[in-house]
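S.K.: Here the protein sequences come in this chain order: A and B. Per my numbering, residue 1 is the first one in the first sequence, and the count goes up by one each step. Per my numbering, residue 1001 is the first one in the second sequence, and the count goes up by one each step.
Calculated directly from the structure, the hints in this document are not laboratory data. There's no promise every hint is true.
[Stated by the list, open to error] Calculated pairs, EDC-like style, for lysine to aspartate or glutamate (alpha carbon to alpha carbon, straight line, at most 16 Å):
#, chain 1, residue 1, chain 2, residue 2
1, A, Lys3, A, Glu85
2, B, Lys1101, A, Glu106
3, B, Lys1003, A, Asp8
4, A, Lys90, A, Glu24
5, A, Lys3, B, Asp1081
6, A, Lys3, A, Asp81
7, B, Lys1003, B, Glu1099
8, A, Lys101, B, Asp1081
9, B, Lys1003, B, Glu1106
10, A, Lys101, A, Glu85
11, B, Lys1092, B, Glu1036
12, B, Lys1101, B, Asp1018
Since the structure is predicted, the reported quantities are computational estimates derived from the model, not experimental observations.
Protein chains: 2
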Amino acid sequence: MAKHLIADLYGCGQMIDDPEAIREAAHTAIQYVGAEIVEECIHEFEPIGVTYFAVITTSHFSVHTWPEYGYAAVDIFSCTDTVTEGIAGKLKELFEAKEIKTQIIERNIGDGSLKNEL
Amino acid sequence: MAKHLIADLYGCGQMIDDPEAIREAAHTAIQYVGAEIVEECIHEFEPIGVTYFAVITTSHFSVHTWPEYGYAAVDIFSCTDTVTEGIAGKLKELFEAKEIKTQIIERNIGDGSLKNEL
């Protein structure tokens, strides 16, 4: 069973419109939970908004920001609780969010009943 | 309000261990809903598994595969229903999934009460 943590961050600071600030916050949060980045990409929308995505060891996470609302959507998908909760908490702090709303979705990655013969 | 569609695909074909097949399926699904890719990245895990991520016009989506279970986790985040449902349905077909389980998470991107002064 994998855990997908969905976090909605409200009342974030203005750094959520700065791709480099978001990348730096992501790196800090990933380092904080002891994980490593294996792939990342970032996109700045016109006129406003940033998407950041990283594949980290055995997990991934993404951040999408709507700076005009002070809002950031964060998704962390991992098999390790400390990773999902650690990253969400750290980003709340680094984005200076006034409020965080989290939801946990348990994702059953399969019991093998429909698996392939590899 | 944005819509986050979470799809768990079970009983997928062996192409879910092939990064190029996944990229091609993603392109087909994106084209199918009339969207365009603005950024994408792909990562092949060792010994098995692929992660694909794309930023598409006003939306994003990601695919993570566990070929050993015939399982693919698909996430599509968009403000447009036809995009989320169209991509999920198309990927089910292209991955030859025997079963799909979907969940819709409504994400309130903010009512402005905690917004920044830009």
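S.K.: Work down the list of hints and note, for each, if the structure agrees.
M.R.: Going down the list of hints, with the structure as the test:
1. Lys3(A) <-> Glu85(A): holds (10 Å)
2. Lys1101(B) <-> Glu106(A): Roughly 12 Å separates the two Cα atoms, so the pair holds.
3. Lys1003(B) <-> Asp8(A): holds (13 Å)
4. Lys90(A) <-> Glu24(A): holds (12 Å)
5. Lys3(A) <-> Asp1081(B): violated (25 Å)
6. Lys3(A) <-> Asp81(A): holds (7 Å)
7. Lys1003(B) <-> Glu1099(B): violated (22 Å)
8. Lys101(A) <-> Asp1081(B): violated (23 Å)
9. Lys1003(B) <-> Glu1106(B): holds (5 Å)
10. Lys101(A) <-> Glu85(A): holds (12 Å)
11. Lys1092(B) <-> Glu1036(B): violated (20 Å)
12. Lys1101(B) <-> Asp1018(B): Roughly 23 Å between the alpha carbons, so the hint for Lys1101(B) and Asp1018(B) is violated.
The structure does not agree with the numbered hints 5, 7, 8, 11 and 12 stated previously, though it agrees with the rest.
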